[in-house]
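*Asks:* Protein sequence lines correspond, in order, to chains A and B. The first sequence: position 198 = 248 (the working numbering), numbered continuously. The second sequence: position 63 = 66 (the working numbering), numbered continuously.
Incorrect hints may have been included.
Think about it this way: if two alpha-carbon atoms lie no more than 20 Å apart in a straight line, the pair counts; the simulated EDC-like pairs of lysine to aspartate or glutamate are [stated by the list, open to error]: (1) B/Lys357 - A/Asp53; (2) A/Lys279 - B/Asp242; (3) B/Lys357 - B/Glu19; (4) B/Lys425 - A/Glu77; (5) B/Lys435 - A/Glu146; (6) B/Lys465 - B/Asp242.
It is worth saying that the hints were derived from the structure and are not from the lab.
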Amino acid sequence: MIDYKGVDFGTILRRYDIEAQNETTPEAVAKKMLPADPVLKNVAECVLYMKFKDVGPATAEALKTHKALDIINNGLVVGMECVAKLYAEHIYYLPEIMMAAKTMEIGIALAEKQIPGGRETKGTVVMHAAEGDPHDIGKNIAAVMMRSSGYEIIDMGKDVAVVDVVAKVKEVKPIMVTGTALMTTTMTAFPRAAEILVKDGISLPFMAAGGAVNRDFAESFDLGIYSEKAPQTPPIADKIIAGYDWKRIRDEWESIVGGE
Amino acid sequence: MAVTRYTKMAYGSADEMVFGTAKQPVSYGFGIKVGAGRVIPELNYAPRPGSEKDPAKLRKEYVDYISKDVLNRAVTLGFPDVQLETEWVSQMGNPKMSTPVVEGQKEICEKFHEEYGINCAVRHTIPDQREAEEGLRTGMGGSHAYPEALFRAAEVACESGADVLSCETMGGKELADYAVTNGDITAFLFGVGYLGSIDMEYVWSEFVDIAKKNKAVAGGDTNCSGANVSMFMAGGYLDNDVQRTFSAVTRAISAARTLVAWECGAAGPDKDCGYEGPIAKAIAGKPCAQEGKNCQCAHADLQGNLMAQVCDLWSNESVEYHPEFGGSSVQCWLGSLGYEVSLMNTAIATGQDKTLRDLYMISDRARGPEGYVLAYDNAYKIGQAIAENGNDLYLRAKAAGLTAAKIIKGGYEGKEIQLTNKQLDVLNAVIKELEALPEETDKFTEYCAKKYADLVPNFNMKNYGL
Numbered sequence: 051m052i053d054y055k056g057v058d059f060g061t062i063l064r065r066y067d068i069e070a071q072n073e074t075t076p077e078a079v080a081k082k083m084l085p086a087d088p089v090l091k092n093v094a095e096c097v098l099y100m101k102f103k104d105v106g107p108a109t110a111e112a113l114k115t116h117k118a119l120d121i122i123n124n125g126l127v128v129g130m131e132c133v134a135k136l137y138a139e140h141i142y143y144l145p146e147i148m149m150a151a152k153t154m155e156i157g158i159a160l161a162e163k164q165i166p167g168g169r170e171t172k173g174t175v176v177m178h179a180a181e182g183d184p185h186d187i188g189k190n191i192a193a194v195m196m197r198s199s200g201y202e203i204i205d206m207g208k209d210v211a212v213v214d215v216v217a218k219v220k221e222v223k224p225i226m227v228t229g230t231a232l233m234t235t236t237m238t239a240f241p242r243a244a245e246i247l248v249k250d251g252i253s254l255p256f257m258a259a260g261g262a263v264n265r266d267f268a269e270s271f272d273l274g275i276y277s278e279k280a281p282q283t284p285p286i287a288d289k290i291i292a293g294y295d296w297k298r299i300r301d302e303w304e305s306i307v308g309g310e
Numbered sequence: 004m005a006v007t008r009y010t011k012m013a014y015g016s017a018d019e020m021v022f023g024t025a026k027q028p029v030s031y032g033f034g035i036k037v038g039a040g041r042v043i044p045e046l047n048y049a050p051r052p053g054s055e056k057d058p059a060k061l062r063k064e065y066v067d068y069i070s071k072d073v074l075n076r077a078v079t080l081g082f083p084d085v086q087l088e089t090e091w092v093s094q095m096g097n098p099k100m101s102t103p104v105v106e107g108q109k110e111i112c113e114k115f116h117e118e119y120g121i122n123c124a125v126r127h128t129i130p131d132q133r134e135a136e137e138g139l140r141t142g143m144g145g146s147h148a149y150p151e152a153l154f155r156a157a158e159v160a161c162e163s164g165a166d167v168l169s170c171e172t173m174g175g176k177e178l179a180d181y182a183v184t185n186g187d188i189t190a191f192l193f194g195v196g197y198l199g200s201i202d203m204e205y206v207w208s209e210f211v212d213i214a215k216k217n218k219a220v221a222g223g224d225t226n227c228s229g230a231n232v233s234m235f236m237a238g239g240y241l242d243n244d245v246q247r248t249f250s251a252v253t254r255a256i257s258a259a260r261t262l263v264a265w266e267c268g269a270a271g272p273d274k275d276c277g278y279e280g281p282i283a284k285a286i287a288g289k290p291c292a293q294e295g296k297n298c299q300c301a302h303a304d305l306q307g308n309l310m311a312q313v314c315d316l317w318s319n320e321s322v323e324y325h326p327e328f329g330g331s332s333v334q335c336w337l338g339s340l341g342y343e344v345s346l347m348n349t350a351i352a353t354g355q356d357k358t359l360r361d362l363y364m365i366s367d368r369a370r371g372p373e374g375y376v377l378a379y380d381n382a383y384k385i386g387q388a389i390a391e392n393g394n395d396l397y398l399r400a401k402a403a404g405l406t407a408a409k410i411i412k413g414g415y416e417g418k419e420i421q422l423t424n425k426q427l428d429v430l431n432a433v434i435k436e437l438e439a440l441p442e443e444t445d446k447f448t449e450y451c452a453k454k455y456a457d458l459v460p461n462f463n464m465k466n467y468g469l
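One chain only, chain A, in its complex shape:
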């Protein structure tokens, strides 16, 4: 082997990841966000530090003194908001999001039992991976992020036939339907489904996403909107709740996914 001892790799490549690493601790970021109430803080910290074994007892303890909705909105959800902030600042990564979401869901399930009729979600979203496409990891990640943001998710899985997607939309009347595709020959299922929906008089945003899909394709058919990465899905859904239709989402896409 050629002797490379003493080679200055800094002249060959630049490790931007090393230079840009955020050395702030989760504690420092969360300090400004956590609730002052010690009971709610304890619940929020269970989510923040992914203590899925502790979140049940902490929620049960909180239910003795606090209303269930208060615990959810000002404890569990705040903990998840801290996690989202840490993810955005490259202190937490995907596994922390997944584990924190799981922890939050345990707490919510327990607290929800105390709410007559269950907790109201922000809205229902139907998610699927395209017909003929077995790749659904992106959809699964987005589903976790959407649930963490307060949406009810109907996950139809992968390789879902166009007719089944259309039928489900008609059945549950979601605020949005999403489809992911990793292959260019399967993503053509999305305009086919959207065309049937339009023909049947249904107008809702049809989010097209996944490795094969780009914004140009997603916006090439009526109803189509785009999501480049899973974390962009909740802010787009929030705008739909706020009254945006698919055309306005397209028009303001950059500012929506940029968090403005």
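The hints should help you fit chain B onto chain A, whose structure is shown.
*Replies:* What follows is chain B alone, placed relative to chain A:
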């Protein structure tokens, strides 16, 4: 078909390995000899959306446009060899869609070979659409009957004229997806290293028989559905989903799985997207296809030069067929591949192959942990760990992962590769976790079967005959 495990290394040392030469070269198609002293460009492509609508359109796209364009450009630029790779779109599971494509590509290769003398062949990579929730094995039911369709596709490909049969099998994917998104290295080891290897044996024993019966070459597989998901989610310097130390360890584990196709009798070359190729080649001596710097149309990874170090076929991964300024996309990327291959073959012809190999490797050695463990000297060490435990699917995969993790740790401590604090934390956690696992396969299986029963959707031991 009997399975013969690798317990010894094909190469006596890492330094013996170089691009263009494999211990066991393979010949097929119209004059193609892989691993026999020169590197061959392998061009992969995807048809335009809409071309999958009917058999005539699809055949025209693959044969009259794509294949003809590639072969024409190869002759135009003076490339002596070219291999085409058709990764079947899902619609080709229907023989009415696939048969005309396979037959048509064979015919056009023969025509160009006869007219110009160019060496050419087609690899057909059939789709594995099996889903864990419906069953991975034949007869397990499921509305789609995907396991039956998988073997039927292999037969259609080989009967219709495929030169090389390949596949990107999905065994272990349900656990791999969970492992990558949750940072759970044990789940990856169990899903890919152990169960995935069992599934490979199930699938490739059959593929090898089908290929032999039809005088096709059973090439090999890749852990695209696991280690590549891990690698691409780990991404580059701006990405923040998966730690690159984690993905590097998953890559090493995947080598133990990819090896199984060859243990079942497949001859190589394995699949281009199997970045674990250098490890598998070090153990088995069979030719490997790789991709890197000339596959930017499909993948951006952190070891674009390094991956050329010991390749036998050099690939572009895939490009959608469309026009570019320099011709069609397949022509442009063939040019990119072909000139790189020409450089490698010039290095071989002038006795400079090991120098070029080392330059490829050194340029990416410190770019990221995955490239670091795949550098041929480190890949060889991981290969040794697998071979030393070759008869036990679990122990060899664990040894691969642990060896890779310790190689990275050593490189970090020796100041050869930098890691972020987070990458280092995850690396230390991976080492600790792997070291704490049982030494006995039965205990490990029992532990994992219980642990992941409720955690991993669609996990079913029956899919693996257990």
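*Asks:* Now tell me, hint by hint, if it's right for this structure.
*Replies:* Taking the hints in turn, this is what the structure says about them:
Using a Cα cut-off of 20 Å, the hinted pair B/Lys357 and A/Asp53 holds, with the two alpha carbons roughly 12 Å apart. About 11 Å separates the Cα atoms of A/Lys279 and B/Asp242, which keeps this hinted pair within 20 Å; it holds. Between the alpha carbons of B/Lys357 and B/Glu19 the distance comes to roughly 9 Å, so the proposed pair stays at or under 20 Å and holds. Distance hint between B/Lys425 and A/Glu77 is fulfilled; the C-alpha atoms sit about 16 Å from each other, no more than 20 Å.
The suggested pairing of B/Lys435 with A/Glu146 holds, with an alpha-carbon distance near 19 Å, which does not exceed 20 Å. With a CA separation close to 37 Å, the supplied pair B/Lys465 and B/Asp242 exceeds the 20 Å bound.
Checked against the numbered hints given earlier, the structure breaks only hint 6 and satisfies all the rest.
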